[in-house]
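Engineer: Residue numbers (the working numbering), protein chains in the order written: chain A, 1081 to 1300; chain B, 1081 to 1300.
Incorrect hints may have been included.
Derived SDA-like pairs: lysine to any residue, alpha-carbon spacing no greater than 20 Å straight-line [stated by the list, open to error]:
id: 1; chain 1: B; residue 1: 1179; chain 2: A; residue 2: 1289
id: 2; chain 1: A; residue 1: 1179; chain 2: B; residue 2: 1142
id: 3; chain 1: B; residue 1: 1179; chain 2: B; residue 2: 1144
id: 4; chain 1: B; residue 1: 1179; chain 2: A; residue 2: 1243
id: 5; chain 1: B; residue 1: 1104; chain 2: B; residue 2: 1122
id: 6; chain 1: B; residue 1: 1235; chain 2: A; residue 2: 1267
id: 7; chain 1: B; residue 1: 1104; chain 2: B; residue 2: 1235
id: 8; chain 1: B; residue 1: 1144; chain 2: B; residue 2: 1132
id: 9; chain 1: B; residue 1: 1179; chain 2: B; residue 2: 1230
id: 10; chain 1: A; residue 1: 1179; chain 2: B; residue 2: 1289
id: 11; chain 1: A; residue 1: 1104; chain 2: A; residue 2: 1170
id: 12; chain 1: A; residue 1: 1179; chain 2: B; residue 2: 1285
id: 13; chain 1: B; residue 1: 1179; chain 2: A; residue 2: 1285
id: 14; chain 1: A; residue 1: 1235; chain 2: B; residue 2: 1267
FYI, nobody ran anything at the bench for these hints, they're computed from the structure.
Here's the letter readout for the chains.
2 protein chains.
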Amino acid sequence: MTSIPSPAPRKHPLQNRSAESQRKMIEATLRLLDERDIELISVRDICREGGTSNGTFYHRFGTKERFFAFLVEDMLARREETAMRDLRDSELSMTDLAKVLARSAIRNFREHSGLLRSAMRRHIIGDPCWTPINHMAARIVEHFIERTTRVCGRKLDSHDQQAIHFAFTWLYGLLSYRTLRLNRLEQFYPPDDRFEEETIRTFTVIIESALPHDAIAGKP
Amino acid sequence: MTSIPSPAPRKHPLQNRSAESQRKMIEATLRLLDERDIELISVRDICREGGTSNGTFYHRFGTKERFFAFLVEDMLARREETAMRDLRDSELSMTDLAKVLARSAIRNFREHSGLLRSAMRRHIIGDPCWTPINHMAARIVEHFIERTTRVCGRKLDSHDQQAIHFAFTWLYGLLSYRTLRLNRLEQFYPPDDRFEEETIRTFTVIIESALPHDAIAGKP
């Protein structure tokens, strides 16, 4: 359905050295992306920053484009794994689950802010690199709705489902706005710890106003 | 403080024909911007779409850059005038005032979505065109805080002020996310009327959770 270049197949780390050099390249590139857009980063920059050779990079990833797609895929795989584990945690109330999901979304945006900024900029000019991010968000919210259904013991009507989707849209909107640095005036751009605290507080209010009353307190 | 090119001085419309041709160029450009980025629109496109001559355009605006800055300034002038009028309306409770401000923000983003999208894209690559938009948002929120102060009859502490700024940050984040079409999956991208309704409903919840209790019901 999409024309995103397939990421390079992940190789089994037969040697620690190989896994280690891949990890170094990923971390180096995330650092560089915090400073500038992917268009302004060369394979040579990545290898210099990561302390690996150009040959290792090309052998493993082929092109910078494939490496960029790999970085997005790698971020999503880890984010989805964490979210799905939280979604299965039957000790959490719906409100606590929402807080946990919001906190990991905030951290994911913070830890990958440069990568996400480059991906958003590409999306804006028509590149499909943002599509898998939206599909993952959709899967997380679908599971959140399924769990709400179990807590309530009845199927949610479309109005209730839309309200839950919309609550997450507010969260993704806020995180994207911050990631794109659309407003860095001091009063609109609190430091990270204050931002996280205020986001969790308000998201709790938003999600509780979206959830059916009988879902708020209950556990499945 | 900023290096934005100054907009061309607005000329007094000595002739109706002159005001009319300016209005046509503005409307034509807003229509074209809905379809594509400012970089992909030429002065010739604007004049053809607006039914005016290239000579009229250059006489009035000088360059496409100055015209783009003029479009932003023209949008802001109208938006701020409306917001300041609402902020002075002493019949409105703080909650109703928040709803009115949110509704006009939603409509402003909708009516200027192409213009705002081009401005955001330029902001992302370091252009200062978005700066006056943030300054206007800051003035509106400052006035909202001043009015809250009058309603409460005491100065708000910095925590209360931050909470109000943060409530508006959620709103601007949501509107920017939609304007950039960062997620057009059906469940995250409701039609305009449903989007407006849900945004107002949730923003009311957000602002009431940010306002001091004694400000919610009161009127100045």
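Engineer: Against each hint, give a clear statement of whether it holds in the structure.
Structural biologist: Here is how each hint holds up against the structure:
1. About 16 Å separates the Cα atoms of residue 1179 of chain B and residue 1289 of chain A, which keeps this hinted pair within 20 Å; it holds.
2. For a cut-off of 20 Å, the pair hint linking residue 1179 of chain A to residue 1142 of chain B is broken: about 52 Å separates their Cα positions.
3. Proposed proximity of residue 1179 of chain B and residue 1144 of chain B is contradicted: the alpha carbons are some 36 Å apart, above 20 Å.
4. For the proposed pair residue 1179 of chain B and residue 1243 of chain A, the alpha carbon gap of about 18 Å is at most 20 Å, so the pair holds.
5. For the hint pairing residue 1104 of chain B with residue 1122 of chain B, the CA-to-CA distance comes to about 16 Å; that is within 20 Å, so the pair holds.
6. Proposed proximity of residue 1235 of chain B and residue 1267 of chain A is supported: the alpha carbons are some 17 Å apart, at most 20 Å.
7. Between residue 1104 of chain B and residue 1235 of chain B the alpha-carbon distance is near 47 Å, which puts this suggested pair outside the 20 Å criterion.
8. Straight-line distance between C-alpha atoms of residue 1144 of chain B and residue 1132 of chain B comes to about 15 Å, which keeps the hinted pair within the 20 Å bound.
9. The hinted pair formed by residue 1179 of chain B and residue 1230 of chain B meets the criterion: a straight-line CA distance of about 19 Å does not exceed 20 Å.
10. Taking the CA atoms of residue 1179 of chain A and residue 1289 of chain B, the gap is near 16 Å; set against the 20 Å cutoff, the hint holds.
11. For a cut-off of 20 Å, the pair hint linking residue 1104 of chain A to residue 1170 of chain A is broken: about 37 Å separates their Cα positions.
12. About 17 Å separates the Cα atoms of residue 1179 of chain A and residue 1285 of chain B, which keeps this hinted pair within 20 Å; it holds.
13. At most 20 Å may separate the alpha-carbon atoms for a hinted pair to count; residue 1179 of chain B and residue 1285 of chain A meet this at roughly 17 Å.
14. Pair hint residue 1235 of chain A plus residue 1267 of chain B holds up; C-alpha atoms about 17 Å apart against a cutoff of 20 Å.
The structure shown violates the earlier hints numbered 2, 3, 7 and 11.
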